[in-house]
Amino acid sequence: MKDKRQQKSLIPVGSSSAPSAKSTTVGFDDDLLKIKMQLTGESLDLQTVSIVGMGGIGKTTLAQKVYDDAYIIYHFDIRAWMTVSQDCHVREILLGLLDCTKTLTNEKPGENIEQLEELLYKNLKGRRYLIVMDDVWDTKIWDGVRRLFPNDKNGSRIMLTTRLDNVAVYANSCRPFHHMHFLNEDDSWKLFCEKVFGEECCPPELEEIGRKIVENCKGLPLAVVVLGGLLSKATRTLDFWTNVAENLSSVITSNDEQYSRIFSLSYNNLPHHLQKCFIYIGVFPKGFNIRVSLLVKLWVADGLVKTVRSKSLEDVAEKYLLDLMERSLILVYERSSKGKIKTCKIHDLLRDLCVSEAQNWRSSRVTDKSLDGIREGTSVHRVTMHPHIENIRRARKLSTSLATSILDFDGYHDKSAEVFYFRLLREMHMFGAYSINLPNEKRRLVKLLYICTWSDKWPLQSIYKFENLQTILLRNSFMFLSLDPLHLPPEIWKMSKLRHVQLDAAVNLPDPPRAEIDGQNSTIVLESLQTLLNTEF
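Once you know that position 518 of the sequence shown is 518 in the UniProt record's numbering, the rest is easy, because the numbers rise by one and skip nothing.
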């Protein structure tokens, strides 16, 4: 059992730090040098440097390489990275940048946007800073934050990545901004070989067909590494590689269609258990920085992980995740100081594949904006709601009596939820300030295995009634208002199936009871309990 008494950020800001994994930048050497020179050049005025190009072409990889460069780290007093994505709010950006710059360790619910803006401005004032805003889609986002970056004429810089020229122009980017180009034939082949063979060379008998396969990637780095990930796991035979080439060489109408075919081919060649786990990733919002510990618990709760002798379900789930990463379907995002993977991400183009495949299976409904467009009576087993959802009650439009999962990652709005309607619920992940209406005895959620929510909105004294619960992740959203801490009931020690209990510092866990066993006064132990944490989740 682990027991860590430390208090860290509990803000689900997600992508507020730069990816730490080493990424290959084949074919980008000239761009890398030019951007470094622009960031560290003689001009003392605050400048914006933009990297522009289509999805999957390597904008983030290049920006990451610059951000992690030793001289860049030395040159700037402070660096911060924020992945913006399409559905990002200004408040989320502020919290992310403050968290990244270590100004804010915990969100204070009483702070309004103006106070957060002042905190960020004061923290940057007088310091030479580098701010990276990755994947900006809308000029309104830039309008919301541009005035918060002080121009002290000390060489501070903002680096912006976007798919849209008009966003780069609007941000007053230095000209010319960096248009990412497709890889040429030689660089595509080099990247492919690095992915498939590592430090080994391509066998001569596979080179000709291998080059034909790479030609179908049309120079898009993401397509090259995904296809390379597929072949790195497959049998290295001429017959198999020829079959892959034939699958990709039929008549197509556009590059986009070709890229979709490559991604689908990689997905279709996954083992069945990995297909289900890959599809699950689509429940997370675009650009979301996914905690590995959270993903593993969700996979286990959803029944996606097979039992393997002598291994815990969590260990098996981590092996699944590593397999998907080796195939380049999921990206390593952050590592701990000991090299362990902390967080991961999925590229938008691959997430789109997850969502479409899930809907083909009729097993999941991901809603980035609203449930309004979903036909009443649609049968759904997993309901995922992202920002802009007004009320979870709208899910009643769907045929969700069989729904096993409700997932909402929007942590900034008050909501209410009558969860008793979802009688077969296994997972409930609600980061918003939900008021939870629990079922009566006749409609108990007997299959509920996983709860993650803000605990002040829960009648905690009744939590022990979920007798099959395996995972409890609770935070007290009013912990910074100097109110009394919340208390879990003593009956929690009767929940024999608990595997993980993770609480913030303002949720008190009662001491385990003692009982006489074999004539000795002993502490009752939950045999299945693996983790007990007072820390960040």
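It should be emphasised that the hints constitute simulated quantities derived from the structure, not laboratory data. Take the hints with a grain of salt, since some may be wrong.
[Claimed, not checked] Simulated pairs of lysine-lysine, DSSO-like, Cα-Cα distance not exceeding 27 Å:
#1 Lys342 / Lys306
#2 Lys233 / Lys311
#3 Lys306 / Lys497
#4 Lys153 / Lys36
#5 Lys342 / Lys311
#6 Lys276 / Lys306
#7 Lys125 / Lys36
#8 Lys212 / Lys276
#9 Lys465 / Lys447
#10 Lys153 / Lys190
#11 Lys311 / Lys36
#12 Lys319 / Lys306
#13 Lys447 / Lys311
On a predicted model such as this, the values are computed, not experimentally measured, just so you know.
Subject >> Numbered hints the structure breaks, given as an ascending list >> reply: When the structure is compared with the hints, numbers 8, 10 and 11 turn out to be violated.
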